[in-house]
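Student: Take a look at the letters that make up each chain.
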Amino acid sequence: MFDFLSDYDDPSLLGAFWVTVQLTLFSGVGSLIWGTLLAGMRVSPVPLMRGFATAYVNIVRNIPLTVIIVFTSLGLADIFGVTMGAPDNFELQGFRLAVLGLIAYTAAFVCEALRSGINTVPVGQAEAARAIGLNFTQVLSLIVLPQAFRSVIGPLANVLIALTKNTTVAAAIGVAEAALLMKEMIENEAQTVLIGAIFAFGFVVLTLPTGLFLGWLSKRLAVKR
Amino acid sequence: MTSVLYDAPGPRAKRRNVILSVTFFVLLALLLWWVWQTLDDKGQLNWALWKPFTESAAWTTYLLPGLANTLKAAALAMIIALPLGAFLGISRLSDHRWVRGPAGVVVEFFRAIPVLLLMLFANEFYARSTDISSAERPLYAVVTGLVLYNASVLAEIVRAGILALPKGQTEAAKAIGLRKGQTMTFVLLPQAVTAMLPAIVSQLVVIVKDTALGGVLLGFTELLNSRGTLAANYANVIPSFIVVAIIYIVLNFILTSFASWLEGRLRRSKRSTGAVLGAEDVEELNAAEVGGPHGGGAGKI
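Chains P and R supply the protein sequences, listed in that same order.
The first sequence stops at residue 225 when you use my numbering, and every number in between is there.
The second sequence stops at residue 1301 when you use my numbering, and every number in between is there.
Next up, chain P with everything else stripped away, as it sits in the complex (with noise of 0.2 Å):
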């Protein structure tokens, strides 16, 4: 029944799967740092940053991301010369411009959960802390961070589940990872019901534990008020 798998190995199944996890985790930590980047501006007393960090999230989230991925190939690629190191190589280039796009869509997400984040602190916390002589950092890193990151591990996880979904997007530039794989498959094999089940239940396995674990521990870390 499972015959077919073997005649696939350049990606096999689980090769394609584990281009999907690194999609996954470099999107993950760059939209974290970008999307941390983002709050602070949105937050911050400087206007320009806050007005550019506002308009940035704004219009982020409202351009599909296959717009955005199919941008970073046809766009930044080949119009801007942008091609993240690896010019001669397409298959590298890609997976790069696909993380590149995944993470300018989704850092504007980071950015909304993280500032809700802060707001749900109470001004009386940071005005209790500068009332003792805390400056700005120690208010910042001993009162309001801890907090605000506490409270959105929920939404975080939230963000980097469906940011798990949308790595299928890199299919779009002919990324080698699960969606584009199923798409060679379905088209190929008569058994479609059987390849939709198997890839079904690779992204059930990605999400599921993924899931479980922070919704686990936003509970448990949760700031109960």
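A portion of the hints provided could be inaccurate.
Here are some of the chain P residues that sit facing chain R, going by a computed Cβ distance under 8 Å [what the hints assert, rightly or not]: (1) PRO45; (2) ASP78; (3) VAL144; (4) GLU187.
Keep in mind the hints are simulated off the structure, nothing from the lab.
C-beta: ideal position from N, C-alpha, C; glycine also.
Given the coordinates of chain P, work out where chain R should sit on it, guided by the hints.
Tutor: Same frame as chain P, now just chain R:
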């Protein structure tokens, strides 16, 4: 101006803010200058490449039919997914385990799977098992994928909307002798639908964005796909991307604004029960929150 993060600025903070502003402005200007310069080098700023958008041909041949297909797929998906989602959502609240269980499995399953996989599967399934013509197939596949995914998200919205109603509503209905079905159809559902309207409208944004998947991978001639044909004709890659992105942004911005206007209106209105599901709740529901903090993502209840 006091927030959690900073106090009203004193002289030193003011100076620092000015320095930060200037640095940021310079960086941003450098970036824009590089973008402009590159576009100029590649000839993407030539008026000839932008001119098509001022004439009707580019719009009537490529963009408007593409946009029409995008909206058609989104509207069809919404219209089919809504009743299906309501049905699944109500099933999940059933008193009978044999109804509640399977509905829960269906909802969680389709939320955990990427929409693209659903579309690809539907496309191949229609090709093999039905006689839908190959010209029509992409639309059917896109709508099927969108319906399966969004029905399960809408099911959670419906469930959250019903759970958000005050308990007294059910108790009062029971007290005047309504049966379970009557309570649901005459008392709970109408109120829940009103409360859910903003969330439903913002879900449309997600659907509109997801139609673009069909354009690249199934050959569905929606907006993004039409952009490709248009750019192949006029060789205007960057201008066409910019125009298409603007169309998406404007369209989705209108939907988001409408949703928040609706939300504000519903929150103010005297007749509502105070339970309003806004756009934020949808975002929480969109990611498959498998076993998440609220047991399947019932939002902030």
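Student: For each hint, tell me whether it holds in the structure or not.
Tutor: Structure-based check of each hint:
no.: 1; hint: PRO45; verdict: holds (5 Å)
no.: 2; hint: ASP78; verdict: holds (7 Å)
no.: 3; hint: VAL144; verdict: holds (5 Å)
no.: 4; hint: GLU187; verdict: holds (7 Å)
Violated hints: none; the structure is consistent with every hint.
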